[in-house]
Amino acid sequence: MMTGRFFAAGADRRVLVTIALLVAAAVIVPILSLGVRPDSALHMPPYMVALTGKYLCYALLALSLDLVWGYCGILSLGHGAFFALGGYAMGMYLMRQIGDRGVYGNPLLPDFMVFLNYRELPWFWYGFDKFWFAALMIMLVPGVLAFAFGWLAFRSRVTGVYLSIITQALTYALLLAFFRNDMGFGGNNGLTDFKDILGFNVQAAATRAALFSTSALMLALAVFITWRIVSSKYGKLMVAVRDAESRTRFLGWRAENVKLFAFTVSAVMAGIAGALYVPQVGIINPGEFEPGNSIEVVIWTAVGGRATIVGPIVGAVLVNAAKSWFTGALPELWLFALGGLFVLVTLFLPKGIIGLWDQLNAARQARKAQDEAAKPDSPVEPPAAAVRVSAKSSDWKPDPAAEPQPAE
Amino acid sequence: MILAMGISAHMTVFRGIGLTLLLLLQLALPARGDEAALREIIAKFAAAKGFPAIEAVVRELGATGDPAVEKVLTALSEGNLSFRKSDSQIFMVKEDGSGVSLLDPLSGEPVGEAKKSELTKVKVNNGLRGVIRDVLGTLTLGSPDASGRLAAAETMFKSPDPAAIPTLDTAIAKETDAAVKARLEQARASAVLLSDLPETDKLAAIEIIKARGDRDALSILTSFQANAEGALKEAAAAAVSSINSSLEVWSGAQNVWYGISLGSVLLLAAIGLAITFGVMGVINMAHGEMVMLGAYTTFVVQEVIRANAPGLFDWSLAFALPLAFLVSGAVGLAIERGIIRFLYGRPLETLLATWGVSLVLQQAVRTIFGPTNREVGNPSWMSGAFDLGQLAITWNRLWILVFALVVFAALLYVMNRTPWGLQMRAVTQNRRMASSMGIRTPWVDALTFALGSGIAGIAGVALSQIDNVSPNLGQGYIIDSFMVVVFGGVGNLWGTLVGALSLGIVNKLLEPYAGAVLGKIVVLVLIILFIQKRPRGLFALKGRAIET
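In the order they appear, the protein sequences are chains A and B. Sequential numbering of the first sequence, starting at 12, is according to the working numbering. Sequential numbering of the second sequence, starting at 568, is according to the working numbering.
These are computed hints drawn from the structure, not numbers from a lab. Fair warning: this is a prediction, and the values are worked out from it, not measured in the lab. Certain hints may be false.
What the hints assert, rightly or not - Rough simulated footprint, nothing fancy, chain A against chain B, three-plus residues with beta-carbon under 8 Å:
#1 792-800
#2 1024-1036
#3 1048-1055
#4 1073-1087
#5 1090-1102
What the hints assert, rightly or not - Quick list of simulated restraints, FRET-style, between CB atoms:
#6 A/210 - B/1081: 38 to 44 Å
#7 A/339 - B/897: 31 to 37 Å
#8 A/130 - B/790: 34 to 40 Å
What the hints assert, rightly or not - Only pairs whose alpha carbons sit at most 20 Å apart, straight line, appear in this in silico DMTMM-like list of lysine to aspartate or glutamate:
#9 B/1087 - A/193
#10 B/1087 - A/301
#11 B/777 - B/637
#12 B/661 - B/637
#13 B/800 - B/768
#14 B/1100 - A/193
#15 B/777 - B/815
We put the beta carbon where it would ideally sit given N, CA and C, even for glycine.
Let the hints inform the model, and build the full structure from the sequences given.
Now the structure itself:
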């Protein structure tokens, strides 16, 4: 019944329920993993914890994209870059934690640097032995990059597909850069063979459970922040910029600042997602910068439903669970399925699963209201529009008017 | 290793002229007369102890100037020369199962067999092989074939020997071919530098070598300069610096050529996109896969030709071009009718849907043809290279440049001079008005998209000649193509041309300084910055149609 209410009620309740579920998961999963005997049916093996933890990181990444794409109309095809940068910052911290336990036993230099004949630590590796510094960089590096990039792009009014293409160029350039051995980030192989995080063994079941909980709580926090942002006055401005940028500008708002704020916050969120992802999968390499990865994030968001806060989370988890299953059972067919998903979702499900659910519900409620209205003195109010910010969602139609409009 | 390659390179030269030589041997009577003398010298191999002694015999053979000694020297350098212990007679040997067959050192005719234990090998080392090569090089100065004489002159230029000056003088006097004569003079000049001839001769020699102006000339002058004194040293230094600066110009020109070549590849890849993205405003992420389909069409055509009519192989690209256009065009038409037409006006959704299509196409090709690279051959007229000054230009790159320009011109013609092009431009500029004028806009859309896709297909035919044909072929081009179109300015074919060539040239000019990867990164960053400055590209369309 609870799930019924969860989907039927307005966006606010839906968000609150999501937060509650995430917090509950953060508590229950460690119990199932650590507190239950391994032979019990309820036991959750560590690989499962790491896998679901990975999904939650993807969900956080999808949510960050939703903030800019769903609410602000900026289709970034480079969000994987922010994710990977956060991941690299975390990876650098984890590399420094290895200390002299590496293959070459060098107390200062990570193995790959010894291998590549580095004499001393490159300057940008300083400070990463401290967690607070790494944590700062996890947010700062993607944030500053997004701010600089966005400042340039939005100020000169690069919009729509042009923006999408240059964000893709951004992640492509970073991909090429990180593949270089002399960048000092491990080149092709990336950073791996991690040992400790904050003094705990990364492989240990308890650490994995803790990482899962952290991911769940972070996601819950991100959901809360996104929800507060989009339901504020600023959130309305974002939607205004998305739907009619020129009009918003003519009304006196600085559209570029609205976008810049959303883009930067979103990049920081993506960076955090990457940082949580790396210790759970145990490796970060330049492959994370692949433009294809970033586009895949877009499809998670689209499947779940953009401009809904819960949608991207549902989409990321569903698509990735499907990916895990397909690549195990029918690896040949996965790309067909993913490609088909792109086409079908854009053609038939422009608002994603959540949007479809809302539509079905709205139709049912309308029928019910009609039935009720037939009886006199009915106490039922007609249902309010389902969502506050995304009030357009209920009457959204796939017509050109939904995109940013020409000013003429 | 390098030595071995040098020898084998020479061997091919000799094999090429071997037949002619044999014929000549039958006719050339003077050579007959000397045969006894030659055999006498060859017999000395048996007595020669140690490498210096063997080298002396080799030089003596070379001094005869008789091309007939080629076989025996070649056999020696390959370690196939032995003498019989019993009578010290020299033979070329060929291993033949358990025993060894003996060949006459001059005629190469089989003359008997022997056991390995009965023979002693004439020893050879790398130093000796070098001497043999030089001697052989000198010998071919008398070759009736101009390319043989040219190769000989080259060898003598690179390993100069003052003792060869008289031989060269006679060769120069006899030479009729101007190119060979110039080479011979250069070879003589490089020998003069090492000789005891007076300073004026050496100065003249420096001038001759300077005029040659390539890397070999540079290395000869540099080593000469190190040991020379006075006016000679100055002249050599001046020549070295002049060669250096001219080489720099040439290497700059070479980079520009590489850039133009890369630009033509980019142009081919992007020109179809310029139609679908530029003219129609449709973001086709499956564009790279259209290129890939064209490349695979070429592969299939070549397979069919190999199996059924190998003689037509040089024509395979001519068959592949229309087929690739049709295949990619048909797939493009299907995509437009099936997906894109429902998404007009929603560019971001189009982007996602076509990305999905690209994944499906990639996986389909992977399932049908396998994930590995497929072999697509070059027709003979596209293989090889030629030199233009100091530039090395490969035929396939040159043909691709020509092809790209032809495709560009054809497209320009279609767009600007045909009714279909007129309709296309009308729909681009004002869809509703065009529709009111009776243009069937949906069909114009469909055909325009098919045209863009078809052109991507024929680009695939060309790119199959220089790139690996794999399911990922298209992925490598899609981002570059978008960069070209966006940089050049959407909706403008000339912008695409200028964009492709300038990106190609900038990329290649940056490479020597920044390396290939960093150069590419710099170009990407420059484009990102450029778009900030001119969000609509180099050649932006003006007017209300595109202002948002």
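Okay, the hints, checked on the actual structure:
Requiring three or more residues with a Cβ within less than 8 Å of a Cβ of chain A, the coverage given for the stretch 792-800 of chain B is violated, as only 0 such residues are present. For the stretch 1024-1036 of chain B, the assignment as covered by chain A is violated, since 0 residues bring a beta-carbon within under 8 Å of that chain's beta-carbons and 3 are needed. For a cut-off of 8 Å, the count of residues in the stretch 1048-1055 of chain B with a CB near a CB of chain A stands at 3, and the three-residue condition holds. Figure legend: the stretch 1073-1087 of chain B, annotated as covered by chain A; annotation consistent (3 residues with Cβ-Cβ distances under 8 Å, at least 3 required).
Only when three residues or more bring their CB closer than 8 Å to a CB of chain A does the claim for the stretch 1090-1102 of chain B stand; here the count is 9, and the claim holds. About 42 Å separates the C-beta atoms of residue 210 of chain A and residue 1081 of chain B, a value consistent with the hinted range of 38 to 44 Å. With their beta carbons about 35 Å apart, residue 339 of chain A and residue 897 of chain B fall inside the hinted range of 31 to 37 Å. The hint said 34 to 40 Å for the Cβ distance between residue 130 of chain A and residue 790 of chain B, and at roughly 36 Å that hint holds.
As the CA atoms of residue 1087 of chain B and residue 193 of chain A are separated by approximately 16 Å, the hinted pair is consistent with the 20 Å bound. With a C-alpha separation of about 16 Å, the suggested pairing of residue 1087 of chain B with residue 301 of chain A holds against the 20 Å cut-off. Of the pairs offered as hints, the one joining residue 777 of chain B and residue 637 of chain B is violated, with about 33 Å between alpha carbons and a cut-off of 20 Å exceeded. Distance restraint check for residue 661 of chain B and residue 637 of chain B: the Cα-Cα separation of roughly 17 Å lies within the 20 Å cut-off, and the hinted pair is therefore satisfied.
For the suggested pair residue 800 of chain B and residue 768 of chain B, the alpha carbons sit about 14 Å apart, so the restraint of at most 20 Å is met. Restraint check for residue 1100 of chain B and residue 193 of chain A: not satisfied, since their Cα atoms lie roughly 31 Å apart, outside the 20 Å limit. In summary, the hint linking residue 777 of chain B to residue 815 of chain B is supported, as the alpha carbons are separated by about 15 Å, within the 20 Å threshold.
In terms of the numbered hints stated before, the structure departs from hints 1, 2, 11, 14, listed from lowest to highest.
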